[in-house]
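With the sequences and hints as input, model every part of the structure.
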Amino acid sequence: MDFFDLNLRDEPFVDYQDYTNHLFACVNLPLSAYIQRLMPLFAEDSGGFKNVLYPDIEVARDLCAQQLIDFHPAVPALNDSSNDEKAEEVSDELEALFADIMEVEPEKEPTLGPKELLAYINARAALAEVSLPLYKLCRNFAPYTCFCFACGILFSTQTRCASIFQVVNQNGSLSAPSIESAARVFFGEQFTIIQTYGQMSLALVELQPVLSLQVNGAMPFSTLISPDKRIIDFLFGTHPMQIDENYIRFFSRLPETEDPFFANGQILNDLRISFHDGVRLFSLFEGKGSGREFTIQHFCQEQNISCIPINCSKLFVYDFRFVEQVLWAAARECLLTGACICMDSLTYKEPEKNKFFCCMDLAFGKFLRRDLTVFAVSKEKLPM
0 MDFFDLNLRD EPFVDYQDYT NHLFACVNLP LSAYIQRLMP LFAEDSGGFK
50 NVLYPDIEVA RDLCAQQLID FHPAVPALND SSNDEKAEEV SDELEALFAD
100 IMEVEPEKEP TLGPKELLAY INARAALAEV SLPLYKLCRN FAPYTCFCFA
150 CGILFSTQTR CASIFQVVNQ NGSLSAPSIE SAARVFFGEQ FTIIQTYGQM
200 SLALVELQPV LSLQVNGAMP FSTLISPDKR IIDFLFGTHP MQIDENYIRF
250 FSRLPETEDP FFANGQILND LRISFHDGVR LFSLFEGKGS GREFTIQHFC
300 QEQNISCIPI NCSKLFVYDF RFVEQVLWAA ARECLLTGAC ICMDSLTYKE
350 PEKNKFFCCM DLAFGKFLRR DLTVFAVSKE KLPM
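Residue 0 is where the sequence shown starts when you use numbering that gives the first Met the number 0, and the numbers rise one by one after that.
One thing to keep in mind: the hints can contain errors.
[Stated by the list, open to error] Computed cross-link-like contacts, DSSO-like style, restricted to lysine-lysine with a CA-CA straight-line distance of at most 27 Å:
{"id": "1", "residue 1": "LYS378", "residue 2": "LYS352"}
{"id": "2", "residue 1": "LYS365", "residue 2": "LYS378"}
{"id": "3", "residue 1": "LYS380", "residue 2": "LYS354"}
{"id": "4", "residue 1": "LYS380", "residue 2": "LYS313"}
{"id": "5", "residue 1": "LYS228", "residue 2": "LYS354"}
{"id": "6", "residue 1": "LYS378", "residue 2": "LYS354"}
{"id": "7", "residue 1": "LYS378", "residue 2": "LYS313"}
{"id": "8", "residue 1": "LYS380", "residue 2": "LYS365"}
{"id": "9", "residue 1": "LYS365", "residue 2": "LYS352"}
{"id": "10", "residue 1": "LYS228", "residue 2": "LYS365"}
{"id": "11", "residue 1": "LYS348", "residue 2": "LYS313"}
{"id": "12", "residue 1": "LYS365", "residue 2": "LYS348"}
{"id": "13", "residue 1": "LYS352", "residue 2": "LYS313"}
{"id": "14", "residue 1": "LYS313", "residue 2": "LYS354"}
{"id": "15", "residue 1": "LYS228", "residue 2": "LYS313"}
{"id": "16", "residue 1": "LYS313", "residue 2": "LYS365"}
{"id": "17", "residue 1": "LYS365", "residue 2": "LYS354"}
{"id": "18", "residue 1": "LYS135", "residue 2": "LYS114"}
{"id": "19", "residue 1": "LYS380", "residue 2": "LYS348"}
{"id": "20", "residue 1": "LYS378", "residue 2": "LYS135"}
No wet-lab data here; the hints were simulated from the structure. These numbers were taken from a predicted model, which means no experiment stands behind them.
Set out below in structure tokens:
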């Protein structure tokens, strides 16, 4: 059964749902194959653990099959039980589905793996004329990282998938995919820690800017891929540009201004020249009324980017770990929405000088490492 029409490789997706349906099917296909391979192991008479899990694995198998059938329009729906003939047809389709996933006859072309399917999806997504936020976020990921992220999104947006990942993790209390369990599905029978170590490590690096990962240093690949509400809102919400509600007391989005007369023309011109020369860190200092905020607003409007100001005098009084979390969240907002950062209200009292500059150093490191444009705004010139 061909779930992906490869003849459409040069055709763009018609809408966002068309894209996400294909991406989730790209996850469900190897998930189905992986669970099908697990079933004989769980059915062996080798202990109560596997026998207890066996009913759960059947449920997981049927859920994967249902999701693939929902994706494939040629197959009748499982929940239509109005007559026995249709139910028998569905049963036959299920058998054909799993036979097609697990067995490839010699005369057939080899079944495409997740990597090839992702390449097909990306090729069509790149041609799309509609907005595809999920593709925009994933397009620079390595194929395995994209698969990990899609597993996490599937788990976070479709609650019935929790039982599937419990089986994949072989842990009834662990319903989110991990870096390692996603790798076992993605690489299938070719999975070994040695062969896939580099790609799992890369996935951790690529996902950390957008997901708040709780990485266990001793067991990094046990890290769970569990997208938070802000990511889900950005990908599927009605207000994707809305600031993370957990941190609105520290940062917001700078409003646009329609009055150019309050901007400092000389500074604005200097910003333009430096920015086009590749400068990404700017220090603006002068007293209140100097037009710094208006100048930044006009510069951002000219460059067609938004700006996220952080109230540093309010933030830097907190403990270092919390400051780091807020800075990470602000950097993520910039990555999601294409914004720059304005570190506003940069001031300190002498007893807090060391902590203040430690926080500054942390902020510059986080922002400039992501190639973000940063404005450091203070009343007096700071020793940068």
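Against which earlier hints does the structure fall short, listed by number upward? Checked against the structure, the hints that fail are numbers 5, 20, while the rest are satisfied.
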